[in-house]
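Chemist: The opening residue of the sequence shown carries number 1 in full-length UniProt numbering; numbering runs sequentially from there.
Quick caveat, the hints were computed from the structure, so don't treat them as lab data. Glycine residues also receive a C-beta, built at the ideal position from the N, C-alpha and C atoms. A few of these clues could be false.
[Stated by the list, open to error] Derived CB-CB ranges, DEER-like: (1) Thr70 x Asn238: 18 to 26 Å; (2) Ser113 x Tyr140: 14 to 22 Å; (3) Ser258 x Lys166: 24 to 32 Å; (4) Asp304 x Lys220: 30 to 38 Å; (5) Tyr140 x Lys19: 42 to 50 Å; (6) Asn159 x Ser26: 25 to 33 Å; (7) Tyr197 x Lys166: 36 to 44 Å.
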Amino acid sequence: MARRVLESELLAKDGITQKPLGPGKSVDIMKEIRIHKTSGGVFSVQFNYTGEMLAVGFGTGGVQLYETQTGEMVQELRPCRQGGFAIMVLRFHPKEPHILYAGSAEGNVYVFSTKTGALLETINEFGNEINTLDFCVDGYNFATGGKDLGIRVYETKSNKLIKEWKGCNHNSAVVDTMTVGNTMRIFCIKFHPNNQYIFVSGGWDNHLKIWDVRDNDGIKRNIRGPHICGDSLDLKENEILSGQWTALHALQVYNYSSGNVVREISYPHTDGAFLYAAVYCNADTVFAGGSSTNRAEVLEISTDRHVGGYQLSGPVQALDSANQGRALAVGGAAPVFAILTLQD
C-alpha cells in the first residue's frame, strides 16, 4: 500500500480527492487488448500514480504504455525485438512520476522517460536475473532482488548502488538461520507504506524477510511460511498480504510484528490456487491470480465474498490496481491483457 499513499498525495496536488471505494458489487471489463504471439506474454503491469496510464512488460523484452480509458497504445518504450528476456517488474518513480523503471531477467534495470520515450539509463547487475524492484515511500531509495539471492539498494537521485547484502547459498557458513539473507531466488520486494527504511522480501525459500536499510546487516527477522513466486506481497498498516504458489492457504494476511497469520482469504478454486500475483485494491478488497484457475479474482477481505474476476487462457502472471480498484489490470501467458474496473 506504499504506492496507495503516493497515489493519494499526487492526486491531492492536482486537487483531486477520491471517495473511498468499498468492496464493490462487480468487476467490469473496460478494455481487452490482444497482443502478438511473439511478445512472449505479459510478465508485468503497473499503472502510473494517477491511474491514467498502464505500463506493460512482455516476455521478450518489450515495454509499452497504454491509455487506461481507451486501451490504446500511446508509446513503445522498448520493442520486443530488442531482446528476448522478460520484463519482470515495472515501477514508476515516486518523485518523478514520468520516469519508469523496468527490471529484466537479463539482469538490467532500464530507466525510461514517458514524456520523451527515451532510455535514460541502464543499470547492470551482471550475472543476476532481476525479478523484483520497489521504491520506498519517500522515493529516495529503491531495492532489487532476483536469481543471485542478493538484495541491492540504490539511491534514486543518481541510481547509484549504496548497499548490497549477499544471499546465503550452499557454500555460505550459516551462523543463525533466522538472520541469514535469502537462500533461494527472490521474487518480491515491497517497502512499508509508513516507514521509508523498512521493506519485506519473499521468494522460493518459504520465508518473508524483514529488512532495514539503516542496518549494515540489513535483515532484522524472518517470518516462516510463504512460498512466493511472483509480485504477490503487499503491505497495509501492520499487515502483510501474501499470495503464495501453493494449493491451499494461498492467500493469507500476516501480522507484521508477530509474524502470525491473522486472516486467511478464501481463493475460489477446485484444484489448488497457486498464486503468482496479489495486491490490495483498497482497505476492503484484494486482487489475486495465478496458474490453477488462470483467473484473476477480486475478493472481499472480511467476508471472503467473491466480487468478480477475469478469465485468461493461460496462467495469470501480473496484475495491478490503481485508484482504490477503479482501475485494474491483468495479464499473463495468454495473448491478451485486460483493463478492468471495480464497480461500487
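Chemist: Take the hints in turn and mark each one as holding or not.
Modeler: Results of checking the hints against the structure:
no. : hint                        : result
1   : Thr70 x Asn238: 18 to 26 Å  : 39 Å, violated
2   : Ser113 x Tyr140: 14 to 22 Å : 20 Å, holds
3   : Ser258 x Lys166: 24 to 32 Å : 28 Å, holds
4   : Asp304 x Lys220: 30 to 38 Å : 32 Å, holds
5   : Tyr140 x Lys19: 42 to 50 Å  : 31 Å, violated
6   : Asn159 x Ser26: 25 to 33 Å  : 42 Å, violated
7   : Tyr197 x Lys166: 36 to 44 Å : 20 Å, violated
In summary, the structure is inconsistent with hints 1, 5, 6 and 7 from the numbered list given earlier, while agreeing with the others.
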